[in-house]
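Produce the complete structure using the sequences and hints provided.
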Amino acid sequence: MRLTVDGTTHEVDVEDDMPLLWVLRDEIGIKGVKYGCGIAQCGACTVHVDGVAVRSCQTWAIDAVGAEVTTINGLGTPEAMHAVQAAWAEHQVAQCGYCQSGQIMQAASMLAQIPNPTDEEIDAEMSGNLCRCGTYPQIRAAIVTAAAKLREA
Amino acid sequence: MGRGKTIARRAFLIGSAAVVGGVAFGAYLVKRPLENPLLADLAEGEAALTEYVRITADGVTLITPRADKGQGAYQVQAMLIAEELDIDLDQVTMEPGPPAAAYYNTALSEEAPGFMPTDDGFGANSMRSIMQAAMKVMGVQITGGSTTTADAWEKLRVAGAVARETLKAAAARETGVAVAQMTTARGAVILPDGTKIPYVDLAETAADIQPVEDVTLKDPSAWRYIGKPVQRFDIAAKSTGTQDYGIDFELDGMLHATVVTNPRKGGACWWINGDEALAMRGVQAVVPVTGGFGVIADNTWRAFQAAKVVTAGWSKAPYAAEQADHWAALEAAFSKDGQDSQYRDDGDIEAALAAGDVVQAEYRAPYLAHAPLEPINATVRVAADRVDVWTGTQVPRFVQAEVAKITGHDADNVHVHVLVMGGSFGHRLELDVCKQAAEIALTVPNTPIKLTYSREEDMAQDYTRQIAMARMRGTVKDGQVESLDLGIAMPSVVASQMGRLGLSVPGPDAQIVAGAWEQPFGIPNYRVTGYRAEELAPISSWRSVGASTNGFFHDCALDEVIHAAGADPMAERIRLMWDDASRAVLEAVAELSGWDGPSMGPDRGRGVGFCMSFGVPCAEVVEVTNTEAGIKIDKVYVVSNVGQVVDPETLARQMSGGALWGLGHAISSEITHFDGMTEQVNFDGFEAMRLYQAPQVETRALELGDHVRGMGEPAVPPAAAALANAIFAATGTRLREMPFRNHFKFV
Chain A
1 MRLTVDGTTH EVDVEDDMPL LWVLRDEIGI KGVKYGCGIA QCGACTVHVD
51 GVAVRSCQTW AIDAVGAEVT TINGLGTPEA MHAVQAAWAE HQVAQCGYCQ
101 SGQIMQAASM LAQIPNPTDE EIDAEMSGNL CRCGTYPQIR AAIVTAAAKL
151 REA
Chain B
1001 MGRGKTIARR AFLIGSAAVV GGVAFGAYLV KRPLENPLLA DLAEGEAALT
1051 EYVRITADGV TLITPRADKG QGAYQVQAML IAEELDIDLD QVTMEPGPPA
1101 AAYYNTALSE EAPGFMPTDD GFGANSMRSI MQAAMKVMGV QITGGSTTTA
1151 DAWEKLRVAG AVARETLKAA AARETGVAVA QMTTARGAVI LPDGTKIPYV
1201 DLAETAADIQ PVEDVTLKDP SAWRYIGKPV QRFDIAAKST GTQDYGIDFE
1251 LDGMLHATVV TNPRKGGACW WINGDEALAM RGVQAVVPVT GGFGVIADNT
1301 WRAFQAAKVV TAGWSKAPYA AEQADHWAAL EAAFSKDGQD SQYRDDGDIE
1351 AALAAGDVVQ AEYRAPYLAH APLEPINATV RVAADRVDVW TGTQVPRFVQ
1401 AEVAKITGHD ADNVHVHVLV MGGSFGHRLE LDVCKQAAEI ALTVPNTPIK
1451 LTYSREEDMA QDYTRQIAMA RMRGTVKDGQ VESLDLGIAM PSVVASQMGR
1501 LGLSVPGPDA QIVAGAWEQP FGIPNYRVTG YRAEELAPIS SWRSVGASTN
1551 GFFHDCALDE VIHAAGADPM AERIRLMWDD ASRAVLEAVA ELSGWDGPSM
1601 GPDRGRGVGF CMSFGVPCAE VVEVTNTEAG IKIDKVYVVS NVGQVVDPET
1651 LARQMSGGAL WGLGHAISSE ITHFDGMTEQ VNFDGFEAMR LYQAPQVETR
1701 ALELGDHVRG MGEPAVPPAA AALANAIFAA TGTRLREMPF RNHFKFV
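Residue numbers (the numbering used here), protein chains in the order written: chain A, 1 to 153; chain B, 1001 to 1747.
It is worth saying that the hints were derived from the structure and are not from the lab.
It is possible that some hints are incorrect.
Stated by the list, open to error - Below are the EDC-like pairs computed for lysine to aspartate or glutamate, each with C-alpha atoms no more than 16 Å apart in a straight line: (1) B:LYS1477 / B:ASP1348; (2) B:LYS1632 / A:ASP123; (3) B:LYS1632 / A:GLU120; (4) B:LYS1632 / B:ASP1603; (5) B:LYS1632 / A:ASP17; (6) B:LYS1477 / B:ASP1568.
Here it is, written out as structure tokens:
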């Protein structure tokens, strides 16, 4: 099947029901997408399919055919960060950093739909993404910064 | 200040050695007598030196032996070296240290059994030095016990200073300019005329001369890094998905694997049938491993899917099968026979209890999983002459030794490459994953095997935090705390953990009472007794170890007695405190939180929790509201004394993250057993703190006293206590067992 990931087309030969997560990681080699739970409880595997945040561990590869898949690696780079990534760096959010790809993808998707989220909206949108190190206060602060930057742009 | 010299002579010796194309500075394994010149008996190239700094024409490399699990350890270690070396962090590369005996962790021995961390007396220090000698002989390269900063504080600065002064001496030899006329900055020696000679150009000359060991460490006023906020060097990578972790490691020709072992931890596997799995796409083999089986496939998911259809025969659990029996074992331990230690017995507790109205209560804390978000994994390649292991581990020396036993290689030929970890919290002190990866890789020589645990396997096989119980009694007199008697029962974490390495530890297990017996309160009649329960499910060090349960028990017990006395929780703790730094911590948290009593109006309250653990006094104030929908944590204040702040940003994150770790687990989490198996095997059953529950956290670090301490764990123990005490203030209900959500809803 043919998948478009971060603007590049990949021909992959996988089972229809292989989760997108594992196609991205083990077949295409995009390692920014993380495995955490495999049952959509932690959000570490969050990617965008046609701009909307989904849990790639619960998305069949076949269902991503014909869609634009964006991963953390396609959102921005260390040299050219997306506004959400730049806010994450500015607030030094990451400790171990393992959940942050998913947190950033979830936040970017939220801000595309809700440019000026309230605290309650942030709670509702972000509480599916688990962080074991306890960076939640910094995540909240970084979202506020990113939202302001994106509104200026 | 001549202190650097004294330190270098006393604790360890920093020297230098030639390496290919340059020079390395580092520590020698064995303490040599002063009259024996360090390098006199070393032949050229002799590998007695363990590196901290390596300088070649290609650049400057700082070697950071303590693992980074996300706590910023690489950053702190690099800052200490760079501070004295006079180089900037953007000019160096960092390399985690390979397994080596000279990277022994001297700070772990600070927690010597039976002596309080506030005790600097002769007995305590000699006991610590016995422990230190033992650590050195064993060569224990461990990241744990919040020791990274304490261990590195002198060693790495001296290494940087010796390197700097030796490079100046090399420049003197090359130019004829006197050392006294030189300065150093940004990785170069600067001559009086302004000429800059980069360190890399001096490396070969430096390798050729006697290292300058009589170094003076910089005065704190000259520090550029220590105590100053810096951008974490890994922050860009961790914000863009470009930080590789162990699970991301890849080699050409690598195959993927997963394992399933007896869900009754430590039980045997009688038989396996992999026929159905072998017929599945991409599956290459089903092989036995100790206690279970491994599946080798061409993709992680295919290995996971295949593992689900392998059938196996499992033995019974080697411990009580039902959770109720685990609690019963703890209850049974409260007896003369079960007594393990009684490090504290002040005044006459029995007489005091007989004389007054006794407040008494029982407390419980459940098993908890470590559950770092990156499931554990290891990549192993077995060749005829060497084995390579790539993994995120806190104990590379143990990995090396245990893998060598499995593959039959000499330990020297087992090369452990430590990779970045997606959290640990103590999980990566265990090394089953490395042993299993070695067992699997041994069946396919020369092929790298990456073993990845499923989340379910990671949680089902986790050696959890200990289960624990406490019984408290106390009396009051004239509005003050008169007595406190605390008994704590738990199985021995140390026995379980060291037992898996084939080691037995004689004597009492100080962890059974850690975070309780050594609290610096001057209560007139005061006793803390440890009771050792039989070994139950296997357990391991979980962020703050014994203190993770005992901080809750001790501080809540004290809070109950203070309440009975009618005293203010903050004022009475401060009145009872005899340790100056601990009192300063309490006073600071009172000031920071604007403490004016536990009540904050209708349905609102605040509580204070205090615990000294790992030598660090830490006090927290939690504010809550009892809303219609449930308890809401409004705000948390954390204050601790670490002696010296190295990296303020990293420290603040450890304080806030540690407090949230303690609060989140206190609210939501437990591991229970049914039919010998863990009932919670993913984040749907083992719930953790979510963003909507997370309060804002304000932190303050004090810098009192001579000891430099780490902050990876000490913010955990006071958190549950402060929350329980706050809920009592807001609702009048005492919470005496975790998780609290069994009693209150949380929003």
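Item to check | Numbered hints the structure breaks, given as an ascending list | outcome: 5
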